[in-house]
Amino acid sequence: MAKAIQEREIGLDLFAFLHGEVYSFVTRTGTDPEQQSTKLRAMGIRAGQVLQERLNLEAPRTQDEVDIVRFVCRDVWTHLYLKQIDKLRTDNKGAYYLIDNEFCLIKQVSDSMQYLRDLPLFLEFTCGLIQGIFVQFGISAIVTPEVTHPPMCIFKVQIHNVK
Amino acid sequence: MTVYNIYIFNCDGQCIYYWQWERSGDSNVSQVEEFKLMYGMIFSIKSLINRLSPIDVDNQFGSFATNKNRLHFYETQSKLKFILNTDLQADTGKVHEILKEIYTGYYVQYVVKNPFCDIKGVSIESSLFTKKLNCFISSLSIA
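Same order as they appear, the protein sequences are chains B and D. Using the UniProt record's numbering, the letters of the first sequence correspond one by one to residues 1 to 163. Using the UniProt record's numbering, the letters of the second sequence correspond one by one to residues 1 to 143.
So here's chain D without its partners, still in its complex pose (with noise of 0.2 Å):
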């Protein structure tokens, strides 16, 4: 399973952090630009998602596939969004435990208790928080 990049939304639609392990397409927009457009999706397919669904249960986005490669979206309680991009052998369940653990495991234990990090902030600095979470994704795509 390849990881491509990984984008981090706050609760007001900012993008705090972005890493990109493997990418080959480049947009033609700024990365600002960038940002905004992935929000303004996620946030167009989930409001969609609400009145569009075909049953009336509570119907959350998870993840969306193209003909190369699958995106997978991971929302907290807190309304942190996590959206992962990953080649099309990941197995949606698997990616959406590692999502889970990235923020149980990485986001909270090196952002969220670093004091030094304003959890308000427009974005991370914590370079553990990077060093941590490329071990972590190094070693989901040797297994």
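Same shape as in the complex, but just chain B (with noise of 0.2 Å):
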């Protein structure tokens, strides 16, 4: 059992150093913010797509809005960074505010205003992944990041009714 949680553990580091090196790659070689934070997002959003078909193998058929947050916020969440979201809120408009408070991609990285300029294009590629889970749902998602307090994060769900 520990040698279980250990290997996901390094599973989860893997990661961790592979998207640290996708983000410096990415940032190496744009000049442009926009074109970057638009790789990223792009990248997030086909991840999160192929996620969603590998995730979604035993979950129920018919699911609402609130139950595909849920999954997110309780599977996704767990199977990605081993832990869930630790609150989520709504204003009942259609905007979910999914909080984590100790994101572990920016753990590591600072718990004061050092690099808070960059970490919202640190979380890009997060961001994509979610809208890439919602979008295989078929629903239309936009997740921005808020990065105020490190290492607390909160990703703002607003999904987009199409009627």
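It should be emphasised that the hints constitute simulated quantities derived from the structure, not laboratory data. It is possible that part of the hints are untrue.
[What the hints assert, rightly or not] The calculated lysine-lysine pairs, modelled on DSS-like cross-linking and capped at a C-alpha distance of 30 Å, are:
1. D:K100 to B:K83
2. D:K68 to D:K46
3. B:K3 to D:K100
Bear in mind that the values here come from a model prediction, so they are computed numbers and not experimental data.
Given two chains presented individually in distinct reference frames, assemble the corresponding complex, making use of the accompanying hints.
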């Protein structure tokens, strides 16, 4: 049991290093921040789409919006980051706030103002990941990161209802 | 046990981190010179030990003492060098473990795992690393 946990932690570390390198690569080779953020987000969306196919194998068929948000908060977050989202808020107008008190990808980066300027770009991939998962469920959403007190992180999911 | 200061050198011999907690004696040279002197000394000691060792087995430099303080040395497989100056009450075995802990629990956690910290960089900029290291060292000084 302890070995399985250790293996999962190593897997998470490996993903964190790879993600860090992807971020470095995109910021090193691109010049325009807009372009960089689009690239990272697009990568995240594609990854999120295939991830949804992979993780959704055991979930029940009919799911409404709230169930999908809960699926992301619980199952997806546990599979990827070994913990669940700490708090979920909604304003009942299609916006959900996923609050992670200690987001593991930025836990070792800073707990103060340092690097605050670069963190939103760093989180673009993760936002794209969440967006991609929603896309596969047929829901169009925009996810934006908010970091004011690292390592606490808020992912705002704005659902677009096309009726 | 009092910890005076710490130097971290990378494999090229550049000092990527220096922090002092207590230092009453100031050297007369600039900080850059001081780092060069420190690295040069460590390098020479290591090479001398290799050549003058009285036994044929793998001999590694651990620490040396003056009449007032002791210098401890720890080198990783990746040629990263940690140098810690403490007072004479420090137990060398324990400090060896402490340096190992600084490497695995603090350097690897807060510098290597930080994507904004360049692993080939010339200095460690992360303030989180400094903060956590300070907490760790203060907890040792109290104990």
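Taking the hints in turn, this is what the structure says about them:
no., hint, result
1, D:K100 to B:K83, "holds (29 Å)"
2, D:K68 to D:K46, "holds (22 Å)"
3, B:K3 to D:K100, "holds (23 Å)"
The structure is consistent with each of the numbered hints, conforming to all of them.
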